[in-house]
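*Asks:* Go by the hints and put chain Y onto chain D.
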Amino acid sequence: MDSPKLDVSDSPDGALDVVGQRHGRADGTGLVTGRQRYVADGSTPGELHVKATLSPYPNARILGIDTAAAAALPGVVAVVTHEDVPLETNRHGLYVKDQPVLCDDHVRYVGDPVAAVAAVDERTAAHAVSLIEVDYEPLPPITDPRESLAEGAAEIHTGGNEAAITEAHGHCVIRKGDWDGARRAAARVITTRHRTQVREHAPMETHASVAHLDADGKVVIHTCSQAPHLHQLSICEILQLPLHKVRLVGGRVGGGFGSKNELLMDHITGLLALRTGRTVKWVWTREEESLVSTKDQAYDLTYHTAVDEDGMILGRKVEAVRDNGAYTVFGTDAITKMGCYAPGPYRIPSYDYDGRVAYTNKPPSAAMRGYNVADAHFAAEVHTDAVARAVGLDPLAFRLRNLLAEGDEGATGAPIEEVTIGDCMTRAVEVMGWRIDRERVVRPASIPTSDEHARGYGICAGWQGVGATGGGDPSTAEVEVLADGSVVVRTGVVEIGAGEGTSLTMIAAEELGVPMDGITIVLGDTERTPFDLGTLGNRITWIAGNAVRRAAADCREKLLDTAAEMLEVDRTRVRLRKGIAASVDDPSASLTIAELAGAMKFGQGRPIIGTGGYLSSAVPLDEATGLGAATEAVIFAAFLVEVEVDCRTGQVDLVRSVLVHDVGRAINPLFVEGQMDGGMAFGIGNALMEEFLPEYPSLRQQARGLHHYKIPTAMDMATGHTNVILEIPSKKGPFGAKALGEYTANLQAPAIINAINDALGTEISDLPATPPRVLAAIKARATEVG
Amino acid sequence: MDTTFELNGSMVTAHGGVADSLLETLRDTFGLTGARPGCLTGDCGSCNVHLDGRVVPACLVLTPTVEGRHVTTVEGLADGDGLTPLQQAFHDHYAAQCGYCTSGQLMAAADLLATCPDPTESDVRRGMCGNLCRCTGYTKIVEAILAAAHAAGQEG
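Here the protein sequences line up with chains D and Y, keeping their order.
Going by numbering that gives the first Met the number 0, the first sequence opens with residue 0, and the numbers climb by one from there.
Going by numbering that gives the first Met the number 0, the second sequence opens with residue 0, and the numbers climb by one from there.
Accuracy of the hints is not assured; some may be wrong.
Quick look at which bits of chain D chain Y covers, simulated, 3 or more residues with Cβ under 8 Å [claimed, not checked]: (1) 20-32; (2) 53-62; (3) 203-216; (4) 728-741.
These aren't lab readings, by the way, just hints derived from the structure by calculation.
Idealized CB from N, CA, C, for every residue including glycine.
The shape of chain D in the complex, shown without the other chains (with noise of 0.2 Å):
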């Protein structure tokens, strides 16, 4: 499909009328009265109610199932295993078909599900799972990813513990230049090790699916996916049945941050709606929702760097390891993006990167926020950080050095255009009223008492691309103009809360030309909206925006071609604004859009409908090499941080902070506003706060709910701080736009850590920086010293 012309829409002096303003959520209203439903809202006469059997044990054989009783209790209408599953193969997966839908030979987390109950009540089913008999015989667990790839370990999967990545190596590869070579001619090579956490997403509605079959016998499913389209393809494949026989009604989540990016209900509300005729409604409580999940990942980072004379770096070479849990859910497309972005945003000429993904009998690492990314930055900022300090030079200065320029390479190989990096970082420094001093190297004067309070900075600096990597993530979209002119969006995009679908809206009215209130928009419903990948991995402004502009110019064209005919005017001589169709020339010849959507469609007798699609350039990775232009974008930001650490408790607070993100364009600030407010609190927990295996990689202790799991209430946020919308624009993203929501949660936990060791003068380099943990750090540092 051709392009249409990216550039600012028709209007005469290229003034936006709707982008860029700070326009409320068009489904605000419903937010602040209650009356926004969710799927767990809202009932069915006779609906039946869910509970599963979840394995009590992290690894174990399935010697026998027993439903026999349970089926026979009063209120129990159906009771599914591995026996009901359509699919023979009982196993699913977007990347490696190895998950069970429900587990026949094998449970490999504590968690997993075995068995599905639906009965006429909640205490009920709950009743009715109680009395299902599993046989279980019970199997050493395996919780260390060490000891998960250690030679002669027992087996997770058939196969061995470590997942296949690429045919040539076996595991994940990035070789950019020479690294040997780097490493023999450097001054210095220095080496840390860094150990990131395991994460809950804990967003506030826990997951929930209602599934029902129509009239038709069509299964419909209300579902709280972030991907409905993506998920349908799976469900389908999982009950055997065409996609036009399933339908995902999506649209509104309270909360993903990739939560709920993967198949965890849906497929079994699904069969139990063919099984039993009926509306079947399962909601998980919290604790459900904290062993089932997927959580966020585990990794085990060594950073080596080798730096010249001159502190400027030579090459840098990274091993990862990841802790995936149970199955492969995104493993093998995480670790590749890991390795994309863990060099930091440098010119880093040689990059030897190795990436494993280690299957241990936990719930799955599938996506959180960040994506690996997280990690990545923090490994990359703190290592960073220890080589600025063993050249002696200041942390800032030494980046300054070493960033990233306009058409560097990146990790991959691929030269990098719109580097905005030093834009970032310039500006974090104005705001933050620092003086760079290039031989200054900043260190605590003495070891801090217990009585008092430490100060010290942390930097860090970020990148991120747009869209999935290596590509293949495509975005639809439809614009519809009404017989009255009023106009319809229809994507397959999901509101998670970012304002997805009023920015996506206001993206359409700016292209095509109307004003806001004469615009509504159709979310994530596979029967209605065209294919998009869903709500996740940074695309929603650059892959979906792009569809939704080319959509609606599309559409913009079809009514200014009826326009100029009807107006007896040239093509050329015809604009859309504000709902008008006008000769340039001759403003008083003029239609509104609902003259002429009534000549178009009573009087033509046609159809007013634009479509457009996006499909990033990017393209997959070299199997050998793993070298490739892996994303389409790469988008650039800045964080500075002043702590205060009471050295009493180890408490550490934020008092002056800075986050800016150049976002090319802000379609709405407000929304942009709100993304790095939500990120500064999801950076702050994963700093300071959040672990969901307190005694990682051990179970004990394994948070089961909110009260265990403490992410961040409204005392404790940054008191002084700052954000700085930057906009340098983009070539290609809609309006000039680039990409921010999943990013603004990844600076933070690099620069606080930073921080923190500036002040104490310790080198803490595992998350979090718990209170016990810093107390720890001061303690060690004091031994040393004295």
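*Replies:* Leaving out everything else, chain Y in the frame of chain D:
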């Protein structure tokens, strides 16, 4: 068992189990789904309602204990189709992103402003720390509450 109480200004009777939570009753019996389950352990505030004018987590209130008392939910904050100044402020300041926690935030905020009509930012953060939000980072929620307090103060 039957529990008769005032709900958003009208007398109602709920027929249910002795161990039904007020949250279940509001959602399942009365179709008022603004109060939402986030944790069912009183940790998140998503299910906040007002009981005799004070904010409580409905998940921790047993329905029989509200016999003869006054319950207000987010649906009962405003008269008819309008928005209260607090709701309007939440809307204007973009204090709701996914919206799931918003009802609970509003109920806690209304309680806060009723007891502390001229709060400092610190008062607001302290008063709202029982409401978890994973989306907004709280900044615009706090702004909205301060704006509503200020506007109310101006009206005198």
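*Asks:* Now, for every hint given, state plainly whether the structure supports it.
*Replies:* Status of the hints after comparison with the structure:
1. 20-32: n = 8 at 8 Å, threshold three: holds.
2. 53-62: violated (count 0)
3. 203-216: holds (count 3)
4. 728-741: violated (count 0)
Hints 2, 4 from the list above are not met by this structure, while the remaining hints are.
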